[in-house]
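2 protein chains.
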Amino acid sequence: MNAPHHVVIIGGGFGGLTAARRLRRAPVRVTLVDRQNFHLFQPLLYQVATGGLSPANIATPLRALLKRQQNTAVILAEVVEIDVQRRRAILSDGELDYDTLIVAAGARHHYFGHAEWEQHAPGLKTIENATRIRRRILLAFEAAERETDPVRRQACLTFVVVGAGPTGVELAGTLAELAHHTLRKDFRNIDPSTARILLVECADRVLQPYPSGLSAKAARALTRLGVTVRTGTNVTEVLADSVTLRSGEQDERIATHTVLWAAGVEASPLAQNLASATGATLDRSCRVTVLPDLTLPGHPEIFVIGDMAHCSDQAGKPLPGVAPVAIQQAKYAADLIQLRPSGRALSPFHYKDRGTMSTIGRAEAVVDLGWLRFSGFIAWLVWLFVHLMSLVTFGNRALVLMQWAGNYVTRNRSARLITGESPLPLVGRASSPPAAGIDRAP
Amino acid sequence: MNAPHHVVIIGGGFGGLTAARRLRRAPVRVTLVDRQNFHLFQPLLYQVATGGLSPANIATPLRALLKRQQNTAVILAEVVEIDVQRRRAILSDGELDYDTLIVAAGARHHYFGHAEWEQHAPGLKTIENATRIRRRILLAFEAAERETDPVRRQACLTFVVVGAGPTGVELAGTLAELAHHTLRKDFRNIDPSTARILLVECADRVLQPYPSGLSAKAARALTRLGVTVRTGTNVTEVLADSVTLRSGEQDERIATHTVLWAAGVEASPLAQNLASATGATLDRSCRVTVLPDLTLPGHPEIFVIGDMAHCSDQAGKPLPGVAPVAIQQAKYAADLIQLRPSGRALSPFHYKDRGTMSTIGRAEAVVDLGWLRFSGFIAWLVWLFVHLMSLVTFGNRALVLMQWAGNYVTRNRSARLITGESPLPLVGRASSPPAAGIDRAP
Numbered sequence: 026m027n028a029p030h031h032v033v034i035i036g037g038g039f040g041g042l043t044a045a046r047r048l049r050r051a052p053v054r055v056t057l058v059d060r061q062n063f064h065l066f067q068p069l070l071y072q073v074a075t076g077g078l079s080p081a082n083i084a085t086p087l088r089a090l091l092k093r094q095q096n097t098a099v100i101l102a103e104v105v106e107i108d109v110q111r112r113r114a115i116l117s118d119g120e121l122d123y124d125t126l127i128v129a130a131g132a133r134h135h136y137f138g139h140a141e142w143e144q145h146a147p148g149l150k151t152i153e154n155a156t157r158i159r160r161r162i163l164l165a166f167e168a169a170e171r172e173t174d175p176v177r178r179q180a181c182l183t184f185v186v187v188g189a190g191p192t193g194v195e196l197a198g199t200l201a202e203l204a205h206h207t208l209r210k211d212f213r214n215i216d217p218s219t220a221r222i223l224l225v226e227c228a229d230r231v232l233q234p235y236p237s238g239l240s241a242k243a244a245r246a247l248t249r250l251g252v253t254v255r256t257g258t259n260v261t262e263v264l265a266d267s268v269t270l271r272s273g274e275q276d277e278r279i280a281t282h283t284v285l286w287a288a289g290v291e292a293s294p295l296a297q298n299l300a301s302a303t304g305a306t307l308d309r310s311c312r313v314t315v316l317p318d319l320t321l322p323g324h325p326e327i328f329v330i331g332d333m334a335h336c337s338d339q340a341g342k343p344l345p346g347v348a349p350v351a352i353q354q355a356k357y358a359a360d361l362i363q364l365r366p367s368g369r370a371l372s373p374f375h376y377k378d379r380g381t382m383s384t385i386g387r388a389e390a391v392v393d394l395g396w397l398r399f400s401g402f403i404a405w406l407v408w409l410f411v412h413l414m415s416l417v418t419f420g421n422r423a424l425v426l427m428q429w430a431g432n433y434v435t436r437n438r439s440a441r442l443i444t445g446e447s448p449l450p451l452v453g454r455a456s457s458p459p460a461a462g463i464d465r466a467p
Numbered sequence: 026m027n028a029p030h031h032v033v034i035i036g037g038g039f040g041g042l043t044a045a046r047r048l049r050r051a052p053v054r055v056t057l058v059d060r061q062n063f064h065l066f067q068p069l070l071y072q073v074a075t076g077g078l079s080p081a082n083i084a085t086p087l088r089a090l091l092k093r094q095q096n097t098a099v100i101l102a103e104v105v106e107i108d109v110q111r112r113r114a115i116l117s118d119g120e121l122d123y124d125t126l127i128v129a130a131g132a133r134h135h136y137f138g139h140a141e142w143e144q145h146a147p148g149l150k151t152i153e154n155a156t157r158i159r160r161r162i163l164l165a166f167e168a169a170e171r172e173t174d175p176v177r178r179q180a181c182l183t184f185v186v187v188g189a190g191p192t193g194v195e196l197a198g199t200l201a202e203l204a205h206h207t208l209r210k211d212f213r214n215i216d217p218s219t220a221r222i223l224l225v226e227c228a229d230r231v232l233q234p235y236p237s238g239l240s241a242k243a244a245r246a247l248t249r250l251g252v253t254v255r256t257g258t259n260v261t262e263v264l265a266d267s268v269t270l271r272s273g274e275q276d277e278r279i280a281t282h283t284v285l286w287a288a289g290v291e292a293s294p295l296a297q298n299l300a301s302a303t304g305a306t307l308d309r310s311c312r313v314t315v316l317p318d319l320t321l322p323g324h325p326e327i328f329v330i331g332d333m334a335h336c337s338d339q340a341g342k343p344l345p346g347v348a349p350v351a352i353q354q355a356k357y358a359a360d361l362i363q364l365r366p367s368g369r370a371l372s373p374f375h376y377k378d379r380g381t382m383s384t385i386g387r388a389e390a391v392v393d394l395g396w397l398r399f400s401g402f403i404a405w406l407v408w409l410f411v412h413l414m415s416l417v418t419f420g421n422r423a424l425v426l427m428q429w430a431g432n433y434v435t436r437n438r439s440a441r442l443i444t445g446e447s448p449l450p451l452v453g454r455a456s457s458p459p460a461a462g463i464d465r466a467p
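Respectively, the protein sequence lines represent chains G and S. Using the working numbering, the letters of the first sequence correspond one by one to residues 26 to 467. Using the working numbering, the letters of the second sequence correspond one by one to residues 26 to 467.
Mixed in with the good hints, there may be bad ones.
Any copy, or any two copies together, can satisfy a pair, since identical chains are not distinguished.
Unchecked claim - With a Cα cut of at most 27 angstroms, we get these calculated DSSO-like pairs of lysine-lysine: (1) 342 with 92; (2) 92 with 210; (3) 92 with 377; (4) 342 with 210; (5) 377 with 210; (6) 150 with 210; (7) 342 with 150; (8) 377 with 356; (9) 356 with 210; (10) 150 with 377; (11) 342 with 356; (12) 356 with 150; (13) 377 with 342; (14) 92 with 356.
Simulated from the structure, these hints should not be mistaken for laboratory data. In this text the structure is predicted, and so the values were computed from the model without any measurement.
Chain G on its own, in the form it takes in the complex:
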């Protein structure tokens, strides 16, 4: 008897996990490889960054999700390269043979050639990113509380979010909530509601993928929350204590210790590896262009799905890097793998767009179903419902989610912990003593 067909899946995100589950009754052996031991519900990562949720609320161990799936093994490992000739995934500490490969390794931050900005302007892709951002935001308020110089204090209370896509909008809106409501009575020397939250976007409107009417509504909602929206503005420099913005010909230097990056993403480096090995092309975001059946030229045994794949809709427009695309592609790939032994095929992959939605702050969202566009509280309820359902699907428990919905209503953000190996000293603290009886060290 032959060994069963071995499907290796790289990545345990929406794409990889969905593919593994879809293959649960297939006569194949599945190995899911991830660098992390959990599936992360990335759409809610900004809630961890702003202290509304704990990491475990949006992350579920992959082994727990797949424990009952007997044909599937999970391996905690980093894939460094694909050897397409020998059909092997090269791990940092071993190798893994495959018959069919599904690459769903996702994307990471991209600083447009300014890698040095990363240290000052962390992105939001991992749990570690999120707890680091949470730490920076909270330490900025703590530093402001102890700062007596009004100029330096205002710098501590200035937050700049770069990029007004869904993540940037959610982050800026939630930061405004945090400053204006949650922390309102927490301090004695500062008024957190004087915090300045800038949302910077190079395009001419926020939430660019949305119809312009919804973008305008989102911008108004952000302004109501206390966010200063700066569209048509580029970032030209990020330093430890400032960011320089350019709109038109004008440069403006803004003193701040907290710059958060939600601007560019770039596919996993495996995309480049696959493109050069198979002759597939890469797009601007380093995504590898896939054939209509999501495989690579000359390599029907390699599927690339999710944020790593450049895949166009019927109008020729590239599909966005969102969870529903990855999930539908995963199902397509898994179904095709199961059909192949019978010699049958599937028609090319077609993305069924059920709509997009984005939340802005408490009880405020925009929803675009294509045939229906709306915003406000009802939109937020729809957003909440859809995300709650997805979270449950991906293994998180309803109880936790009710807590989170409750947080929204009560504006409680109980997970605002400053953690990390060395929580002190405060960011950007200069030296001055605060008014509350602290004197400068001699």
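For this one, chain G is given, so just place chain S on it according to the hints.
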């Protein structure tokens, strides 16, 4: 008008937080200083270390707890020294004048002169400790899953807990739960229930502060859970891949990558500073001996409470380092501060021991109320109830706690995330390829 009397409290644990709250209506100005921005419910830290709870479940921001208390400010800072002559707390980045000082800075781990053991055998005092231990435990199972050499695999699956006080017993019991139940179906190459969990104690029984009958019951419960209890045993060496135990004249080297330290504690270094400045004596655990009114000799304006204070009961026996002692001492100190302006005094501090209790594993605990001793499921219910009530008192929400109680019943431990800046490579991985189709890198 004079400035109000300024009470500075160092530490936001059970003692410091209770003192601050007790002074909420007093005509004084209170400043609470802590290195962390949250109060940590330390008795449940072992639950974070074993993936049953998230850090935010047992930690509440100090500012949130004290936001409505108008006479109180919170400062995030590290106190490095007390200048008792000038009545100033020296911070790492400033100074703070006081009229009355309450020092409640707690204790940290102590390796009995072997500070080099700490890197291999982390203790359990902070959130960072707990997530680090969680990471080590989970990575050990991951490494075992990928290890083919049976001897090395068994080393990965060997866990040694040093110290059988309440923390060590809880940690060992919960580790056994994790291995034998929670993870049972998670792996494909290993059977987690073959994990070996050793609980090492130099005394002749576990839970030494308890009556010997309850110790025996606890030891039997641990054995039933699959823990190997080794009393009368010392640790003589801790290395990255082994621990050496000595019972009698016999040395035994045990191959393991996971040694957890629950043995010794030592008071905060501020105790030493205070002792040398005031002439108070230090005990073996570096706790400063306080007068019957919890102050220091010649310094009625300095109170030392909680794990930092050496304070004897009426029989001359030192009080244990547990939360109820710290809480009662905090109330005493706060009351005395409020009485002093009227010239009145309080009789010496007297600890009212309402009993001690310790949990061992799921639905198993020992309770000693002095007049009544019992163990088993009822004891566990009592333990659960008391801890739930205390958690609520200290600002955590009932919903989270119900989740946690539910975890106990379902044996779910959903917070078993491996986080940290560089989650890979696995601990203690040598080189060998596992059976599941991974080949060694050439």
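Hints versus structure:
{"no.": "1", "hint": "342 with 92", "in the structure": "neither (38 angstroms within a copy, 52 angstroms between copies)"}
{"no.": "2", "hint": "92 with 210", "in the structure": "between (46 angstroms within a copy, 6 angstroms between copies)"}
{"no.": "3", "hint": "92 with 377", "in the structure": "neither (30 angstroms within a copy, 49 angstroms between copies)"}
{"no.": "4", "hint": "342 with 210", "in the structure": "neither (48 angstroms within a copy, 44 angstroms between copies)"}
{"no.": "5", "hint": "377 with 210", "in the structure": "neither (47 angstroms within a copy, 36 angstroms between copies)"}
{"no.": "6", "hint": "150 with 210", "in the structure": "neither (31 angstroms within a copy, 30 angstroms between copies)"}
{"no.": "7", "hint": "342 with 150", "in the structure": "within (25 angstroms within a copy, 54 angstroms between copies)"}
{"no.": "8", "hint": "377 with 356", "in the structure": "within (12 angstroms within a copy, 64 angstroms between copies)"}
{"no.": "9", "hint": "356 with 210", "in the structure": "between (49 angstroms within a copy, 25 angstroms between copies)"}
{"no.": "10", "hint": "150 with 377", "in the structure": "within (26 angstroms within a copy, 51 angstroms between copies)"}
{"no.": "11", "hint": "342 with 356", "in the structure": "within (21 angstroms within a copy, 68 angstroms between copies)"}
{"no.": "12", "hint": "356 with 150", "in the structure": "within (24 angstroms within a copy, 46 angstroms between copies)"}
{"no.": "13", "hint": "377 with 342", "in the structure": "within (14 angstroms within a copy, 74 angstroms between copies)"}
{"no.": "14", "hint": "92 with 356", "in the structure": "within (20 angstroms within a copy, 50 angstroms between copies)"}
Going down the numbered hints, you'll see the structure goes against 1, 3, 4, 5, 6, while the others check out.
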